[in-house]
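> Protein sequences appear in the order of chains A and B. So for the first sequence, this note's numbering puts the first residue at 1; every next one is plus one. So for the second sequence, this note's numbering puts the first residue at 1001; every next one is plus one.
Keep in mind that a hint or two might mislead.
To be verified - To list a few chain B residues with every Cβ distance to chain A over 10 Å, as calculated:
id : residue
1  : Ser1023
2  : Glu1066
3  : Gln1079
4  : Gly1084
As the list claims (entries may be wrong) - A partial selection of chain B residues facing chain A, derived with a Cβ cut-off under 7 Å:
id : residue
5  : Ser1030
6  : Phe1044
7  : Lys1068
8  : Glu1091
9  : Leu1105
Just so you know, the hints here were simulated from the structure itself, not pulled from any lab data. Glycine residues also receive a C-beta, built at the ideal position from the N, C-alpha and C atoms.
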Amino acid sequence: NAGVTQTPKFQVLKTGQSMTLQCAQDMNHEYMSWYRQDPGMGLRLIHYSVGAGITDQGEVPNGYNVSRSTTEDFPLRLLSAAPSQTSVYFCASSSPSGTTDTQYFGPGTRLTVL
Amino acid sequence: QQPVQSPQAVILREGEDAVINCSSSKALYSVHWYRQKHGEAPVFLMILLKGGEQKGHDKISASFNEKKQQSSLYLTASQLSYSGTYFCGTEITYAGNNRKLIWGLGTSLAVNP
Chain A
1 NAGVTQTPKF QVLKTGQSMT LQCAQDMNHE YMSWYRQDPG MGLRLIHYSV GAGITDQGEV
61 PNGYNVSRST TEDFPLRLLS AAPSQTSVYF CASSSPSGTT DTQYFGPGTR LTVL
Chain B
1001 QQPVQSPQAV ILREGEDAVI NCSSSKALYS VHWYRQKHGE APVFLMILLK GGEQKGHDKI
1061 SASFNEKKQQ SSLYLTASQL SYSGTYFCGT EITYAGNNRK LIWGLGTSLA VNP
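If we strip away everything but chain A, and leave its shape as in the complex, we get (with noise of 0.2 Å):
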């Protein structure tokens, strides 16, 4: 049981690329969210899923897309990279609850924009 998974750890892009932060958890959870964490502010919010299929905006979702296909998988996809958005990322999921339930988060990504 490897709970919640993030790829890759570390990741350097330049101003304009785009990318996919990969996010798996084998709980068979339904819920699954992605938060942007920098320094002062807290965990935010990005999108969030109940389910497959079913995805909807968090607080902060602007540059940022996400998908939903199977249970398992939660990608990020990052649509044209700005220094903005250099931050760490996590992935969480929980159930049966959801958002009143455990929270269990991946390791994180560790993303820089130049």
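Add chain B to chain A, keeping to what the hints say.
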């Protein structure tokens, strides 16, 4: 909507106690507490539900005052391993039955020998 945590930072000697507070301007469905060590992911400590139910560690206690929309985390007889940043997450409802978690900015706790 973001909950306010206090204090922002605290320094303890091993064995001392600490209280971390979390206050929201919104009615809360639940309050979550997590600890994050530097360079690592947040780790679950406790959930306090509306109505009084709690889920979490035996060695960490917390309270939830629904009327005041406040929660407090109590760390007693602190150990070096308690060091880290503590986040509260407040679960609020919006647009009918939808819910979301909003996180505070964190409280940095350092325990020294």
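> State for each hint whether it applies.
How the hints compare with the structure:
1. Ser1023: 14 Å, holds
2. Glu1066: Glu1066/B is indeed farther than 10 Å from all Cβ atoms of chain A, at 14 Å.
3. Gln1079: Its Cβ never comes within 10 Å of chain A, the nearest being 22 Å, so this holds.
4. Gly1084: Per Cβ check, Gly1084/B is outside 10 Å of chain A; nearest 14 Å; holds.
5. Ser1030: The hint holds - Ser1030/B has a Cβ within 7 Å of chain A, the shortest such distance being about 5 Å.
6. Phe1044: 5 Å, holds
7. Lys1068: 20 Å, violated
8. Glu1091: 5 Å, holds
9. Leu1105: This interface hint holds because 4 Å falls under the 7 Å limit.
Going down the numbered hints, you'll see the structure goes against just number 7.
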